[in-house]
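A.B. asks: Spelled out, the chains give:
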Amino acid sequence: ETGVTQSPTHLIKTRGQQVTLRCSSQSGHNTVSWYQQALGQGPQFIFQYYREEENGRGNFPPRFSGLQFPNYSSELNVNALELDDSALYLCASSFKLSGEVHEQFFGPGTRLTVL
Amino acid sequence: GQQVMQIPQYQHVQEGEDFTTYCNSSTTLSNIQWYKQRPGGHPVFLIQLVKSGEVKKQKRLTFQFGEAKKNSSLHITATQTTDVGTYFCAGPMGYKFYFGSGTKLNVKP
Chain S
1 ETGVTQSPTH LIKTRGQQVT LRCSSQSGHN TVSWYQQALG QGPQFIFQYY REEENGRGNF
61 PPRFSGLQFP NYSSELNVNA LELDDSALYL CASSFKLSGE VHEQFFGPGT RLTVL
Chain G
1 GQQVMQIPQY QHVQEGEDFT TYCNSSTTLS NIQWYKQRPG GHPVFLIQLV KSGEVKKQKR
61 LTFQFGEAKK NSSLHITATQ TTDVGTYFCA GPMGYKFYFG SGTKLNVKP
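Chain order of the listed sequences is S and G.
For the first sequence, position 67 (counting from the first letter as 1) is numbered 67 according to the working numbering, and the numbering increases by one without interruption.
For the second sequence, position 44 (counting from the first letter as 1) is numbered 44 according to the working numbering, and the numbering increases by one without interruption.
Don't take every hint at face value.
[Claimed, not checked] PhoX-like, lysine-lysine: derived pairs with alpha carbons at most 20 angstroms apart:
1) G:Lys57 with G:Lys108
2) S:Lys96 with G:Lys51
3) G:Lys108 with S:Lys96
4) G:Lys108 with G:Lys96
5) G:Lys36 with G:Lys57
6) G:Lys70 with G:Lys96
Hints are computed from structural coordinates only; laboratory data are not their basis.
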């Protein structure tokens with residue numbers, strides 16, 4: 001177990017709705033990254049939060065937004081859901097110091113289905 | 001376009017055979033990481049390579065980072081059924097982090 005938890009584990013929404021996914025990072029970690037993994041694909045980087053600020057964003061539209069809290073937990077919000085948003089959403093926590101990249105510890109993911 | 005490519009996409013081997021997956025980046029990477037994802041699971045960190053030409057071993061797994069820091073490989077000697085899963089390479093490009101498409105390994109007992 002990595003110590004990274006995500007909630008909920010599964011979620012079903014309809015097109016146009018909004019969703020909030022949550023992640024608790026591992027103790028001592030200050031960075032959270034969010035990924036979207038479609039079936040049979042590699043994780044796609046959505047964005048990263050470091051010390052409560054967005055610190056890097058992948059090719060995702062603005063309707064994907066996030067937050068990081070003082071305790072380094074994080075939320076991913078997706079507005080105006082589309083069918084293609086159906087995927088496994090992974091949160092990964094890590095410790096970043098002076099820009100160095102360290103190993104990422106992934107949570108179990110949230111399986112989102114958009115109908 | 002795809003920033004990090006991996007080949008092959010799938011590999012089926014008999015238990016005891018060797019396995020290699022290759023990773024190529026469109027740009028030079030400061031470091032590269034390898035992850036394993038079991039079916040139905042989440043990616044689990046295996047190793048990070050930082051130096052040009054670096055080679056690291058973990059029991060039956062050998063990881064290499066190319067001299068130009070644009071390619072990497074993972075070699076498994078004498079595969080076991082516990083090696084089943086998808087192996088991903090991943091690396092940072094600026095403030096983004098790119099995963100390869102993965103190589104799915106199936107091991108027949």
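A.B. asks: For every hint, state whether the structure bears it out.
C.D. replies: Each hint tested on the structure:
{"no.": "1", "hint": "G:Lys57 with G:Lys108", "result": "24 angstroms, violated"}
{"no.": "2", "hint": "S:Lys96 with G:Lys51", "result": "19 angstroms, holds"}
{"no.": "3", "hint": "G:Lys108 with S:Lys96", "result": "40 angstroms, violated"}
{"no.": "4", "hint": "G:Lys108 with G:Lys96", "result": "37 angstroms, violated"}
{"no.": "5", "hint": "G:Lys36 with G:Lys57", "result": "15 angstroms, holds"}
{"no.": "6", "hint": "G:Lys70 with G:Lys96", "result": "16 angstroms, holds"}
Comparing the model with each numbered hint stated earlier shows that hints 1, 3, 4 do not hold.
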